[in-house]
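Participant: Could you put the whole structure together from the sequences, leaning on the hints where they help?
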Amino acid sequence: MKIMCKKLLALVLIGVMLLSVFAGCSKQQSGAGGDTLVITVVKLGYGDEWLRSIAAAYEEKTGTDVKVISKIGDAGLSAIKGEMQSQVSETDIFFTRAQEFFKSIYKGGVNIGGTNYDCEFADLTDVWNSVASEGEGKTIKEKMDPAFEEYYNVDGKYYGLPWANGIMGIVRNKNVWDKLGLTDEDVPRTTEELFALCDRVKALGTAPFIYSLEAEYYSSVAPVWFSQYEGSESMAYYNNGLDPMGENSFNLYAYDGQVEALKVIDRLVDKDNGYQHSISSSSSFTDMQSVFMLDEALFCVNGAWLETEMGNAYYNTNIDFIKMPIISSLVNRMETVSDDETLSAVIRYVDGEGEAPAGVSQEDIEIVRDARRNSYTRSGFDHTALIPAYSNQLDTAKDFLKFMCSDEGLNIYYEATNGNQLPIENTAGYDRSVEISTFRRSVNEVLAEGYICEYDGYVKAKVYAIGGVSRYWYNGSNNFVRALLDGSTPEEICAKNNKYLQNNWSSITGY
Amino acid sequence: MKKQIKRILAGVVVGAAVLAVVGCGKQKQEQPKLETSVWSTYNTTKVIQQTGRNEAYQKQDGALSVQMMQNEYEGAQLIVTAGEDLTYHLIAGILENENGDVFPAENIQIYHQKYQTIKTNYNGDEAFQAGDSIPDMLLPLDIAVNYGENTISANQNQGITVEFHSKDVPAGVYTGSFTLELNGEKTEIPVSVEVWDIRYEGRRQFQSCFMIYRDELIVGEYSNSDEVVAAYIEKLLEYKANPFVVRTYYTPENYAREAQWIFESENGNSLALPVDLHLDYQVYVDGTVSEPAQMVVDYIRALVDISTEELNYVQYLYFYPSSYDEADVVEGRWDPATELYREDGKLQKTLELAIQQLEEDGWFARQTPEFAQQMKDAILTIPVVFTNVNFVEEWVGELNATFCPYLSLYNNTSVLNQYQDAAMDHSNGDLWAYTCSGPVDPYPTFHIDDKILDMRVCGWMEKAHGITGYLYYKVNNYAYLTNAPSDEYIDLYGTPARYYEVNGDGFLFYPGRYYSSDEPFGTVRLAAYRDGMDEYDMLCVYEHLLQEYAQEQGITDFDFNAYVDDLYSTLFTGVVAKQSDEALYAARAELAQRILTLKNQGTLRYDPADGETVQISALPEGQEAVVIRSEYKDKDENVGAKTKMFRPSYKAKVSSMDGAKTLRFTYENTGTEDITMQIVLVTKDMEKVTVDTSYCGVGKTRQVKVNLSDAEVDLADVAEISLTFDNVQTNDAGQVVLLPDKAFTVYDFFITK
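So the protein sequences, as listed, match chains A and B. The letter at position 268 of the first sequence is residue 268 when you use this note's numbering, and the numbering goes up by one with no holes. The letter at position 461 of the second sequence is residue 1461 when you use this note's numbering, and the numbering goes up by one with no holes.
Read the hints as simulated data drawn from the structure, not as lab findings. Computed from a predicted model, the values in this text were never measured in an experiment. A portion of the hints provided could be inaccurate.
[As the list claims (entries may be wrong)] BS3-like mimics (lysine-lysine), calculated; alpha carbons at most 25 Å apart, straight line: (1) A:Lys157 with B:Lys1119; (2) B:Lys1651 with B:Lys1700; (3) A:Lys103 with A:Lys462; (4) B:Lys1635 with A:Lys263; (5) A:Lys103 with B:Lys1119; (6) A:Lys81 with A:Lys462; (7) A:Lys263 with B:Lys1642; (8) A:Lys141 with A:Lys103; (9) A:Lys141 with A:Lys462; (10) A:Lys157 with A:Lys402; (11) B:Lys1578 with B:Lys1059; (12) A:Lys141 with A:Lys61; (13) B:Lys1059 with B:Lys1186; (14) A:Lys81 with B:Lys1119; (15) B:Lys1033 with B:Lys1186; (16) B:Lys1578 with A:Lys107; (17) A:Lys157 with A:Lys81; (18) B:Lys1119 with A:Lys462; (19) A:Lys462 with A:Lys157; (20) A:Lys107 with B:Lys1119; (21) A:Lys263 with B:Lys1633; (22) A:Lys81 with A:Lys67; (23) A:Lys179 with A:Lys323; (24) B:Lys1059 with B:Lys1033; (25) B:Lys1688 with A:Lys462; (26) B:Lys1578 with B:Lys1688; (27) B:Lys1599 with B:Lys1167; (28) A:Lys202 with A:Lys174; (29) B:Lys1578 with B:Lys1661; (30) A:Lys402 with A:Lys43.
[Claimed, not checked] So, partial list: chain B residues that the calculated Cβ filter (under 8 Å) puts toward chain A: (31) Gly1124; (32) Asn1390; (33) Glu1393; (34) Asn1412; (35) Pro1439; (36) Val1440.
Here a beta-carbon is modelled for each residue, glycine too, at the ideal position from N, C-alpha and C.
Facilitator: See below:
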């Protein structure tokens, strides 16, 4: 009898287990295998080796299988977007450029497979508030660069984590610089000094700048000069979707700095000035970068990905970043500085060199100091890691992200990218034995200095996130560099943008 | 042993139950048990299948009651909230009026509402949430019964729509009851149908273009035969929507035959010219008429040949060259569109070519002079519909296009004024609108996660604003899911979002084939459009009667809107509907009474002249002539942000506006620049609220009527009206400069109470 009871019990238990497996959950996912963590990453300028390295380390540490799927370039971005929209993906973590990140958050609840979720992305607030690894003593939020913490904070909640942190600005080819006999004194402090330098370089038979019209980055750095001109308070209005008076109106393109920034770009790209390499209007972006790396131009507006993207062929090419010069028309805002020479002297002073020029008010010095804090622009804000709310591996996915943010994960990232750093403090410090290039060192120094214009196209202010207002002069207008080359003036481009917003304001703000 | 086994089994079963409960991270909450109830609500309310928000609906007794014109469809709905699983049926009874007339049984159609469950609310209308099952498809109940779909699960709502068609039905109040069966138990449902003695006579005025894609019919109906296409056309016409069939086998001959067939219905009033002109279109190539140009002429000719003085088909013809669709936002279309539509541009030359070939053929010579001229005018004024997402200032008022922008653009009065003026000056008064994936809430849409009240009120808006046509890009998206492989399966009865992130976009029908029906099934969304068109027609009936009355009374400045503005103000502001189903039905009923009073008694039930009109400003002599000078506000007289943002203004002190419903004034543009102004109310505490905008071209006069019912200010506190103006513009050299002076004459300000 006992044996029979035991057999019966065993059979029933097996049946119960089968029942609970199949009857318990309203949603089952097919795919890679029950406990495999599936990660899909877009492979752009930063590559994907860093992620594979982190995944391998995580596998070893936890025994969890991790499958990394790469999608390449713009086509990869589109594919990931489609996969996210389908809401039936196997992916547990997306590493992508989430250009509609805030829009999706504001959209609110979704119903997937019969289950309601507050958001299509998993709430990662608990991850941000956790200590990534025992002994670190700080939560991920406390380790996070304040600019990124502010960026990702949506009413006290977080739905993503950054997976890149870089800068954009003026990259200098040091070989060319040295060959032209230029010294530190020749680094331009103002845009007028920059144009004077361009004239000198041109006269010496070298292209001052090079870019690719097909994929130009002048539009990405124009906000630096916009921000320099306007100052922090005014830029705070703009970033929050307000007009120059700090009010809610369509006048988002009535800022003086928007015109002034375009005037600088206009002068740089104007063919009559001859400041750009001859291949600029016809070359692909990667070809242009190669030409630059082969010492055929002095400067290139580019980003921290440059070296990674160009691979080993140009490893340790002698390139670095210089500060973007301060926009000379800043004198319009100042009472006691009216010429470029004095402006340059004030800049030297706020850089910690020399004395404050006589007769310059403290107020004007602060205007320049404020402007100097915008010497590069950030790249990487929108490089977001997020977990779809319906993931069956929610806890594991969060754990993986915590690992990525841990000192160990940060070190793996650092090593795999030859010195790139996430905007998260490494409490243990980076492994200094890792050989990093001149360029990478230059980038890290910039990041450490912090003189970065925190500007991105995809921000949480609703007029941008939902209303779709472009922060790069695309409102009712084409790419402004092309428009300038076609003969449009900066005033005309800004006026066109403002008029577009005026005429369509009720539709834009219909949310 | 048996007891022991039982105990073991019992324990294991309990354990299994525990396991099943803890197995999932998320569990649907247990709902409290409901009592089965039968109720009703406005037919313009979508009642979701879930019962959790039933308290939010305006519940009425379980009865069906409609009021309607003759020759109209009007619906009502019953809602069954099931306390248990139910099988139901609703059987129509006999409805009889006081004279013994019976409402024809064949004019009563009962529908089982079928639901679409949305994953996300993309529209933004807060009435709906992710996961809601929203009624959309109207499945005839007899078919639902045949397919066993007349069931209601416990704790769910089930909507039943009943539509009445008053074709050939004498006026009167028809009453009776229908029988509702729930699991065999019968309940009598009182029914009342009041048919007003009002009828729209003749062919409808409001034009439309609803596109049927023949290739996608194969996916939904397993056939795209002429018969299937015809079924879709007929169904659309039933809903007062005019078809444009996108297909490749038109010839002028079969096109003309189809036109005649469509026009057998008085809802048929819009014939699409079935030619698309590519972006490189030329009227002539190497001195010879191009093939597409000749095709356009041939199709026009086909309609000319079947036209008579009684029925001129060309007067109902329109052209929608879809290659120029949304040319303001689609790359590469801007310049070709300008070339196509500009005065003396390619389109105008094409129409002139048609005239020329008819002349050469001697067609005009063979007609009466009056008909010949009528035909020439008709050809030269064929509306050429131009869809734009945004307001493009350099196009509006310059191109010879029938503008068809996003409906939402008309919400800005100054923009609407410009479109209206452009329509009068360049397009024979034709002005269209469209919606698709955009706009979204609060504007009327065909989205599933939007209220249908908005689309119904749209008919009133269109009449008020002089919008004469509407375009919708596809009624049968059966084949394409955005961002999905082309062979991805689409459940045509269960996939609400097919085109990007929009629920319901691109489909207003469901295929009939699955249910062995030879015709497609409509939706509550399409029914709302039809009902809005019914009200548009009712307004036309009233307008016609008032025109006759005005003539008799010698009223010279007859303005139809003045006689219905009070109704409009209860329904919408701009193109945003007010969220009151009750107001809609009240306005409709009141409109009917006004028609009947004028028709039967020859008097006005509502005369705008009777309202209290109060003058709130008395402009001193000379002050009415105004000059607005632009100014520098930045230091050193330059155009900076402050100068750009500054708005010079004209201010008029006013006495109390307490209780005002509308603000009225008139102004005349006596300057050399067009005027666009914002109308701002300023309180004693200097709080400023913009209530409207206005536009007036050079040499023109504009009468402004501002609806104050939604003004976000205490009108009793208003001390001043400020008319504010742009300060700067971009000149031809591309510089932002101060605007030239503006000059206008403004007349006193009035309010109506």
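Participant: Could you grab the alpha-carbon distance between Lys1578 of chain B and Lys1661 of chain B and see if it respects the 25 Å cut-off?
Facilitator: Holds, at roughly 15 Å.
Participant: Verify the proposed pairing of Lys157 of chain A with Lys402 of chain A, using a straight-line Cα cut of 25 Å.
Facilitator: 16 Å, holds
Participant: Mind checking the alpha carbons of Lys202 of chain A and Lys174 of chain A for me, to see if they're no more than 25 Å apart?
Facilitator: Judged against 25 Å, a Cα distance of about 16 Å means the pair holds.
Participant: For the pair supplied as a hint, Lys103 of chain A and Lys1119 of chain B, confirm whether the alpha-carbon distance does not exceed 25 Å.
Facilitator: 16 Å, holds
Participant: If you draw a straight line from the CA of Lys1578 of chain B to the CA of Lys1059 of chain B, is it 25 Å or shorter?
Facilitator: 19 Å, holds
Participant: Quick one, are Lys1033 of chain B and Lys1186 of chain B close enough, alpha carbons at most 25 Å?
Facilitator: 22 Å, holds
Participant: When you check the alpha-carbon spacing of Lys1599 of chain B and Lys1167 of chain B, does it fall within 25 Å?
Facilitator: 20 Å, holds
Participant: Would you check the hint for Lys157 of chain A and Lys1119 of chain B, treating anything up to 25 Å between C-alpha atoms as holding?
Facilitator: 22 Å, holds
Participant: Run the distance test for Lys141 of chain A versus Lys462 of chain A: straight-line Cα separation, threshold 25 Å.
Facilitator: Measuring from Cα to Cα gives roughly 24 Å; hence the hint holds.
Participant: Does Lys107 of chain A lie within 25 Å of Lys1578 of chain B when you go C-alpha to C-alpha?
Facilitator: Holds, at about 23 Å.
Participant: Just to be careful, I want the Cα atoms of Lys81 of chain A and Lys462 of chain A compared with a cutoff of 25 Å; is the pair within it?
Facilitator: Since the Cα atoms of Lys81 of chain A and Lys462 of chain A sit roughly 21 Å apart, the hinted pair holds (cutoff 25 Å).
Participant: Within a Cα-Cα threshold of 25 Å, do Lys1119 of chain B and Lys462 of chain A meet the stated pairing?
Facilitator: 22 Å, holds
Going down the numbered hints, you'll see the structure goes against none, and every one checks out.
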